[in-house]
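Visitor: With these hints in hand, go ahead and build the complete structure from the sequences.
One letter stands for each residue in the lines below.
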Amino acid sequence: MVKTKGATTQGYKLWMALTGLFLCVFLVIHVLGNLQLFLPAEEARIQFNWYSQLLSNNLIIKIISYVLYLSIIAHVVYAIILSLKKQKANGVKYAYDQRGAVSPWYSRNMGVLGTIIFLFLIVHLKDFWYQYKFTELPLDAHGQKDLYTIVVSAYQELWYVMLYEVGLLALGFHLLHGFFSAIRTLGLYHPKYVKLAKWVAWVYTLAITLGFMAMPIYVYLSH
Amino acid sequence: MKLNLKIWRQENASEKGRLVDYQLDGVTTHMSFLEMMDMLNQLLIEKGERTIEFDHDCREGICGQCGMMINGRAHGPLANTTTCQLHMRSFKDGETIYVEPFRSSAFTVLRDLKIDRGSFDRIIQAGGFISASTGQAPEANSIPIAHETAEAAFDAAACIGCGACVATCKNSSAALFTAAKVVHLAILPQGKLETAKRVDAMVQQMDAEGFGHCSNTEACEVECPQGISVLHIARFNYLYHESRLLSKT
Ligand code: HEM
Ligand code: FES
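Chains as they are written, first to last, in this note's numbering: chain A, 1 to 223; chain B, 224 to 472.
Derived from the structure by calculation, the hints contain no laboratory data.
Certain hints may be false.
Unchecked claim - Listed next, the stretches of chain A that the computed footprint assigns to chain B, with coverage defined by at least 3 CB atoms under 8 Å from CB atoms of chain B:
#1 6 to 16
#2 83 to 90
#3 98 to 112
#4 178 to 186
Note that CB positions come from ideal geometry on N, CA and C, so glycine has one too.
Guide: Here you go:
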């Protein structure tokens, strides 16, 4: 056996799984923090703005956010590399193709779902993250940047709410396969835990996706 | 029954192929898919045309030689069945059936439905063996192996290397095949010792042959005639990461 070194598809997949799972953990924090939007309006404003300020002033959060940016970039870069490789691996296409009958559609379309998420992320970051970090915002009663008002006024437009629902639905299906797939990629192989992994993926996905999806709708209907 | 067949014809590896239409009458539901192909070939011989070439050997589902893409599914519409074990009762009278070779850039089409699966052989050559000095066959009971372990190893070893996993995979990944070979040896005392070197070498070879990555869609397990579990891929991933983390070089 010759021992050779170098990057392998197996190695790329490991990085996709690790970065993907890191993003999954981030989403838990993100959805929990945003639950403050469900508070009564005035309380929500102070709470939400306080929380936003806390995050942007904290050194540890700053470090984590850099890891987060890196993770997204790495995840996308590896997704592109693997997609190009698979295109080469496939070669000539089948004239008549029914292979989809034996696997869930979302597991076969992670790239498409990821692309939708990516486009959604650009809109999302531009409208909130960029505004908060790089523009002058009005201040609330406590002298904190009033991100709450920005969020609430954004969701007054029905088309914008719809845009979010579509983006989040894509995220939901990406998570449903991604969470389970990452665990498989890491190598959890004992049959006892397979069902558990799929079950956890469902619970995780429903909690995150429905949690996020409820926010634009709630804000739209309650303001 | 009467069939409309659309069969892939290709002269050799370098020429382009195409689907050719054939009408076949008098097929019975008891025929296997390959017997139906034989019947068509007989007609072609009588007409003085070149027969349709396809691989087969045992025709009892154990050798892994046969394999076609039938109506867009590896080995046809049934799960866990080889092409030779597929019977015409799975089709309707008057049905149109598409027949194509298993496709992947790591499987070259040699002619018609016949492909070169040498890439699989080279993955095995890279590490799918144990380094033992040859000589007398060792005493069978000198290395105790629990019954469950022997059975588990056999479940992996049941892979017949037909290539359906690659053909049905959206990435043309050889993960299930390679995983079966790696795990088969990794759980036996004779094979365990070289696991790290083996898994590394086989992964490198898998990539060198141009197979894609695994997206865990689990389609391969459904089409695998032996029903090799995708959990072998999970274990293969585990062993690969372990070999990388603990490697001394
Ligand atoms: C919040 C955002 C995201 C999260 C939480 C996430 C999470 C994940 C996870 C956990 C996996 C499974 C990794 C594995 O199979 O081992 C995955 C796979 C994948 N992700 Fe993402 N992802 C996100 C965004 C994106 C984006 C923006 C793209 C692309 C532009 C993308 C493309 C992909 C692709 C193509 C795969 C499948 C890889 C394969 O073929 O196996 N993802 N993602
Ligand atoms: S001919 Fe041997 S498995 Fe089909």
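Visitor: Each of the hints needs a verdict: does it hold here or not?
Guide: Against the structure, the hints come out as follows:
1. 6 to 16: holds (count 8)
2. 83 to 90: holds (count 5)
3. 98 to 112: Since 9 is at least three, the answer is holds.
4. 178 to 186: holds (count 5)
Checked against the numbered hints given earlier, the structure satisfies every one of them.
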